[in-house]
Amino acid sequence: MQYQPVRTWQMNAWYVAARTEDLGQSPLGRKICGEQMVFYRDQSHSPVAVEDFCPHRGAPLSLGRVEGGRLVCGYHGLVMGCDGRTAEMPGQRVRGFPPVKAFATQERYGFIWVWPGDQTKVDIELLPKLEWGDNPDWAYGGGMYNIKCDYRLMIDNLMDLTHETYIHATSIGQKEIDEAPVASRVEGDESITERFMENILAPPFWRMALRANNLADDVLVDRWQICRFSPPSHVMIEVGVAHAGHGGYHAPSHLKSASVVVDFITPESETSHWYFWGMARKFKPDDIDLTAKIRDGQGVIFAEDMEMLERQQANLAANPNRNLLRLNIDAGGVQARRIIDRMIAAEVFVETAPAQ
Amino acid sequence: MQYQPVRTWQMNAWYVAARTEDLGQSPLGRKICGEQMVFYRDQSHSPVAVEDFCPHRGAPLSLGRVEGGRLVCGYHGLVMGCDGRTAEMPGQRVRGFPPVKAFATQERYGFIWVWPGDQTKVDIELLPKLEWGDNPDWAYGGGMYNIKCDYRLMIDNLMDLTHETYIHATSIGQKEIDEAPVASRVEGDESITERFMENILAPPFWRMALRANNLADDVLVDRWQICRFSPPSHVMIEVGVAHAGHGGYHAPSHLKSASVVVDFITPESETSHWYFWGMARKFKPDDIDLTAKIRDGQGVIFAEDMEMLERQQANLAANPNRNLLRLNIDAGGVQARRIIDRMIAAEVFVETAPAQ
Amino acid sequence: MQYQPVRTWQMNAWYVAARTEDLGQSPLGRKICGEQMVFYRDQSHSPVAVEDFCPHRGAPLSLGRVEGGRLVCGYHGLVMGCDGRTAEMPGQRVRGFPPVKAFATQERYGFIWVWPGDQTKVDIELLPKLEWGDNPDWAYGGGMYNIKCDYRLMIDNLMDLTHETYIHATSIGQKEIDEAPVASRVEGDESITERFMENILAPPFWRMALRANNLADDVLVDRWQICRFSPPSHVMIEVGVAHAGHGGYHAPSHLKSASVVVDFITPESETSHWYFWGMARKFKPDDIDLTAKIRDGQGVIFAEDMEMLERQQANLAANPNRNLLRLNIDAGGVQARRIIDRMIAAEVFVETAPAQ
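Chains as they are written, first to last, in the working numbering: chain A, 1 to 356; chain B, 357 to 712; chain C, 713 to 1068.
In case anyone wonders, no lab produced these hints; they're calculated from the structure. Note that CB positions come from ideal geometry on N, CA and C, so glycine has one too. Careful: at least some of the hints might be erroneous.
Straight line, CA to CA, 25 Å or less: simulated DSS-like cross-link-like pairs of lysine-lysine [as the list claims (entries may be wrong)]:
id	chain 1	residue 1	chain 2	residue 2
1	A	Lys148	A	Lys31
2	C	Lys743	B	Lys504
3	B	Lys387	B	Lys477
4	B	Lys477	A	Lys148
5	C	Lys743	C	Lys887
6	C	Lys994	C	Lys841
7	C	Lys860	A	Lys31
8	C	Lys813	C	Lys743
9	C	Lys996	C	Lys841
Rough simulated footprint, nothing fancy, chain B against chain A, three-plus residues with beta-carbon under 8 Å [what the hints assert, rightly or not]:
id	stretch
10	135-144
11	156-166
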């Protein structure tokens, strides 16, 4: 096994690169897992991703245009093929042009997914199955932030919702989160953290959600948070409140307001990531105004985490040798990092194993 | 004696970290002498300073809040004690948590002072004694600038007021400064530079000060500047004008307008510092409008130095091997640097002396 | 021959440092070929360039002022001589002050030229001879951009006008540029690239130029582009259109609209340059409004190149080991770089040749 530079993310996996609506007529340049990529839509409107580097003179192809489903460099007109090979160029024979990398993509559930690593290992079966995706019983709304911190700090953040009490005191935070015991476990390649609170008053965001679901918002409720990390870096959180004493998480639909907080966390560089956040809900899926209202509220809440995470990143960078604590509330994040490390080690070992 | 990384400031000394009015209900993050600190007020309203680093996950404590005189981390609610030990945390036993640094503080003369170095050597007797501080016969007004240059360039600036002729030509500068001889001397750990000008016309700032003191501003005056550096980095400058021929600096109060330019120069990093500037005056101490007027004028004047100092810093950084000149006018600054070097050497020697 | 650090530009040559109108009463600080210079006008109004570094305390002299044709430091009043030796300083003997570098300058053709290298090799005969400069039969208008890329990327850009079709599609670009063959050759120290297009419709910019020259703009034309690189980094491009079938480039004046695109490309650092662009024309030289109109149009066109060039620079910096293609259309730029490399090698060899 050869020496490998340290890598802090999986390469052979599907990451969310963009939302369907982000990729229209123009090419979109975006760095994913350290790879500078350009995304565009081919003639069948399918997403394509290649390196954002024209083999002619190194211009970024994302400054070019898409003509008839083909990516044309904006500098001297080279036409790049979706396989990373130059298709043509005015007045030139292009057969000997060096190729650039091409990356497998998929469009599903309203997202464009990309596989940044070894293209011989692309496995479409590894795309996550999302109950709420492309499902008319559910509604989804969300957004994206570019956050200047290691993507794993965001995973830590989401696997320990204690922080809601402090960062999100005016929306979803409440003292009872702190006081409720947390339980963490690992199931295969997933890390799960659960917290259940009974007979409490719902905080403002959830009172709104109760009303939206035609439920009284001034009675005691049972509240739950079930955070589920899965590789390479997705965190799905089942959250909700039910009128107290009807089974909580298992209460019948007409007595609860439940949804899934969706977090796709895509590394950009060692110190930055693309954070795709949203909420999928099973009630009133056709209520577009409600979707917008929830998305706006969530956008405000998640923006509250940004300064904390970016300043935490700076503090850790300034103190590289300091060990952080791993408390019981941190167990979900700690286990998620162990899973990530295991996946990376498996990749690196396979890549560098000597031929028989 | 072990190898020590070069340090360009004293650590075991009192520095001004903030003005009293800068520290209210919210914690204040500020880097002092390379240490990232957070300041807040405890239950008795006394200032406290600890490292701006939560031992749980490295969040900056300055993003938190103060509750009942205790500093609460804004991420997961850890309560930091004023000794750098975690006081408590919801749902946790904190006895084994690693402590962060705590720094001795004092509030005096309208400033918050901090001792960034060895806490076993804290000596409250080393706080400077300021005749004008907390003294009803005097008035003080001032401000603070964050300047992107080595704090010693600011000391140089203040120990050679020749620059007033050029940088501050329209306020306190005048050609006679250049022409008057300058005298420098060292007294113990202080470096002193004096300049006396006789039978000159007062420049605009001093004409205003004469009028403010009910003195004619259109007659010849004697003017003085006595710059006094004391460790670690304070420069107090006695300045004033008296109607000519009445003894100048020693003239009776009703014939002169005199004050002390106050400069507390606190290193932030090797290439930046906090500059606390102000003026203390013994005339009309109750005239709040005059205090504001002087402060505003001084603020404009000292801002004129900023671009010069920051560009000088850049020029020196680009030419690290070039020796600068040390002229007679520079003697005050040169001596101040020698005193600083001596104080640093004494600290380093003590720290690294082998045990008997 | 000793080891020499890699240098990517000639030092012993004339570069454009500023336009005549850029240098008025105040000193002008500008980095040229890695040298931080300050320009000012002496008593005879001639430009002078010395290092932008006061030998006293390292202040940038460009923050000072010019008094009676002498450069006075804005910090402590040192008067710098045009030979880099301190002329005087209030209250000081300056004979022993260390000199700073002085750089030969010339003002000609509306530009201020500087020789950044070995001052013993300054040769006024090496100033380019420009037919259109200081010539009443011609008019000139232009501007300057500071562009954050290697100056050689700009030379590449100008020696391959294929990019007009893509970057400047709405002004001077047209598909026929792509389709016309390009011919490159080297003549001595010059690299030349030519392209001729016959029986085409003129693009918008040239239709305007035809009308300005009282020529029909809706008839077929012959168009030409003759790009001429000369060391150290100048590119003059003869461009124009003539009513078709009258000899094209050689057509009589009353049937064509012709001009010279002027490009002086002055390195600032390894990754930035000063781009002096403009157009010299032989028709209607007294029409000031036309000069302004052309300059404004050209300013818009050349600004379109900036984002491409700066992003290309970033892409190349991120991929330092990748070889770019050298197609036939790139031959002019490739030859220009060979000439530059030859000139640099000659300088380095001479500088480091052992004494006999």
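Going down the list of hints, with the structure as the test:
1. As the CA atoms of Lys148(A) and Lys31(A) are separated by approximately 13 Å, the hinted pair is consistent with the 25 Å bound.
2. The suggested pairing of Lys743(C) with Lys504(B) holds, with an alpha-carbon distance near 21 Å, which does not exceed 25 Å.
3. Our distance criterion of 25 Å between C-alpha atoms is met by Lys387(B) and Lys477(B), whose separation comes to about 21 Å.
4. For the proposed pair Lys477(B) and Lys148(A), the alpha carbon gap of about 40 Å is over 25 Å, so the pair is violated.
5. Between Lys743(C) and Lys887(C) the alpha-carbon distance is near 39 Å, which puts this suggested pair outside the 25 Å criterion.
6. The straight-line distance between the Cα atoms of Lys994(C) and Lys841(C) is roughly 17 Å, inside the 25 Å bound, and the hint therefore holds.
7. Under the criterion of a C-alpha separation no larger than 25 Å, the hint pairing Lys860(C) with Lys31(A) is consistent with the structure, at around 21 Å.
8. For the given pair, Lys813(C) sits about 13 Å from Lys743(C) by alpha-carbon distance, which is consistent with the 25 Å threshold.
9. Of the pairs offered as hints, the one joining Lys996(C) and Lys841(C) holds, with about 22 Å between alpha carbons and a cut-off of 25 Å not exceeded.
10. Counting residues of the stretch 135-144 of chain A whose C-beta lies closer than 8 Å to any C-beta of chain B gives 0; at least three are required, and the coverage claim is violated.
11. Against chain B, the stretch 156-166 of chain A contributes 6 residues with a C-beta closer than 8 Å to a partner C-beta. That satisfies the three-residue criterion, and the hint holds.
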